[in-house]
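Engineer: Here's the letter readout for the chains.
There are 2 protein chains.
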Amino acid sequence: MSLLILGTVALDNVKTPSGFKKNLLGGSATHFAMSARLFTQVNLVAVIGRDFPKQHLNLFRRKGINLTSVVEGPGKTFRWDGEYKKEDMNTALTLATELGVLAGFVPQVAAHQRNIPNVFLANIDPDVQMGLLKAVRIPKLIGLDSMNLWINHKRTSLLNLMKKVDLFVANDGEARALSGETNLIQAAKYLRGLGPKWIVIKKGEHGVLFYSDRYKFSFPAYPVSRVVDPTGAGDTFAGGLMGYLSKAGKINERALKTAVIYATTLASFNVEGFGLSKTAQLTTAIVQKRMRELLKFISY
Amino acid sequence: MSLLILGTVALDNVKTPSGFKKNLLGGSATHFAMSARLFTQVNLVAVIGRDFPKQHLNLFRRKGINLTSVVEGPGKTFRWDGEYKKEDMNTALTLATELGVLAGFVPQVAAHQRNIPNVFLANIDPDVQMGLLKAVRIPKLIGLDSMNLWINHKRTSLLNLMKKVDLFVANDGEARALSGETNLIQAAKYLRGLGPKWIVIKKGEHGVLFYSDRYKFSFPAYPVSRVVDPTGAGDTFAGGLMGYLSKAGKINERALKTAVIYATTLASFNVEGFGLSKTAQLTTAIVQKRMRELLKFISY
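So the protein sequences, as listed, match chains A and B.
Start counting the first sequence at 2; every next residue gets the next number (this note's numbering).
Start counting the second sequence at 2; every next residue gets the next number (this note's numbering).
With the rest of the complex left out, here is chain A (with noise of 0.2 Å):
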């Protein structure tokens, strides 16, 4: 079934010891996006400025997201300024960030649209995912994302949307911060407690821990011998899950370990290239092929 996104549509401009690239379409709504069609029919929810470039429309229509609900509004594309270090290549340092459009965002969501039942809340100010969410009519499977930015400034707003959602992803770092908790296992049952009865945590090139009252499990990375950049692979990973929890329909073990492997391998694409460059190039059969791969390194 279709899936509704929402989240940020940015330029950016990334510096990474592989090199510099300005004016990449980024922001985690497209990330996602670009992961997620891969599954289901994707609807993005979001800004875009009067600057925004025709190309990158076409783009998003090309690969056949749907964007009846993408507005322009009066102003620029919000810009992101970020650079990774050789030392640590799984954390972003922000350099600079231009809000644009993205202040005073309030999402419009087309009345049809309304009906989808797969939802995701990519990051974002979570009093405009709260606006999202309360604009939507039956949602069958709700998830989120945020950052420490929201975890710091905006922590009430957070903690009330958590109550209303299935599944919350959230790296390493935003689990233990969100928590308090150091160990992860204790981060991600102190994260249940706060309502998502599905917790993900990214843990870049250490892979991911899923928790659950149920099902707890966890699968190493791809192993990526060449990490260009790492910017939005946390949102192409969100894709990959949501996008293969929102076609499989049913929701078993089953399908949430498969939803993990397809999001670890969407991702492992996502950081061999900078911004989209490998990700938008991506088929099935590309991506199950890797998936085989990966089955393979991980399997006893």
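Take the hints with a grain of salt, since some may be wrong.
[Claimed, not checked] Straight-line Cα separation of at most 25 Å, PhoX-like style, residue types lysine-lysine; simulated pairs:
hint	chain 1	residue 1	chain 2	residue 2
1	B	K290	A	K190
2	B	K290	B	K279
3	A	K290	B	K217
4	A	K258	B	K217
5	B	K86	A	K190
6	B	K198	A	K297
7	B	K164	A	K297
8	B	K297	A	K198
9	B	K297	A	K297
10	B	K258	A	K217
11	A	K87	B	K217
[Said to hold, decoys possible] To be clear about the criterion: a stretch of chain A counts as covered by chain B if any three or more of its residues have a C-beta under 8 Å from a C-beta of chain B, and this derived list gives those stretches:
hint	segment
12	80-90
13	130-139
14	177-191
15	223-236
[Unchecked claim] Covered by chain A, per the in silico footprint, the following chain B stretches (three or more residues, Cβ under 8 Å):
hint	segment
16	83-96
17	184-196
18	202-213
19	225-233
Hints listed in this document are in silico derivations from the structure and should not be mistaken for laboratory results.
Don't be surprised by glycine CBs; every beta carbon is placed ideally from N, CA and C.
Mind docking chain B on chain A? Use the hints.
Structural biologist: Chain B in isolation, oriented as in the chain A frame:
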């Protein structure tokens, strides 16, 4: 088949968020032996001081560990004082070391023990490790561990040694320091180029990476919800790995994977208590029960 283990026997003072314990029986060979004894006959090669408590020798004997090649030197037992901070339970901070009888130690191997086919060189000065290697006659499987001290200060000795061993175990920090590579896949590849055909990179709470020309695989760690004292976890891991391989005899992909799973299981017990408090109590049945839990946690 039986196993010869060279390394340190120490008295440790350890401070962790769970408490402060003095005069714990520790050292690389000690933790290794307490783990490997669950699989095979273990023969210790080490030096102790005149202050070494008799009850510790009795513990080794009760656990079936052969002490023929443990010598008493004219001085005090090697001492290590260390601490782990809550923020990073993966990293031991060395507060003090007193070499004592370890200074000038030359391994003495009883004549009949020189034919033991499986040899592990646990962390100790690489020149001492080379001394043992020269004393053994027809080694079939040789494993090696080291630490940053030797990587930085006795690199040439360590590199000479690496040409002569089959299996090299290192934690992620050591693998990065020795290879100069940040990416662990690249680091493992580099270490493979130094000689050992099997490279095992231990990542603490994040699990383990195995790298060889033919087989590459990774498993997560067992989800320990309260790490009490990580001292000796790497040695306990290596003990399970070499212990199982010594018992298995034939080494193929299945045996290597099973060895890594056993090693992971044993390390998880080690960190749950100070010193040997958990590992000295282990039986094969207890280990196999947790191994089944681990397999459930990591299986697709």
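Engineer: Indicate, hint by hint, whether the structure satisfies it.
Structural biologist: Tested hints:
| no. | hint | in the structure |
| --- | --- | --- |
| 1 | B:K290 / A:K190 | holds, 23 Å |
| 2 | B:K290 / B:K279 | holds, 15 Å |
| 3 | A:K290 / B:K217 | holds, 17 Å |
| 4 | A:K258 / B:K217 | holds, 21 Å |
| 5 | B:K86 / A:K190 | holds, 22 Å |
| 6 | B:K198 / A:K297 | holds, 20 Å |
| 7 | B:K164 / A:K297 | violated, 29 Å |
| 8 | B:K297 / A:K198 | holds, 20 Å |
| 9 | B:K297 / A:K297 | holds, 17 Å |
| 10 | B:K258 / A:K217 | holds, 21 Å |
| 11 | A:K87 / B:K217 | holds, 24 Å |
| 12 | 80-90 | holds (count 3) |
| 13 | 130-139 | violated (count 0) |
| 14 | 177-191 | holds (count 6) |
| 15 | 223-236 | holds (count 5) |
| 16 | 83-96 | holds (count 3) |
| 17 | 184-196 | holds (count 5) |
| 18 | 202-213 | holds (count 5) |
| 19 | 225-233 | holds (count 4) |
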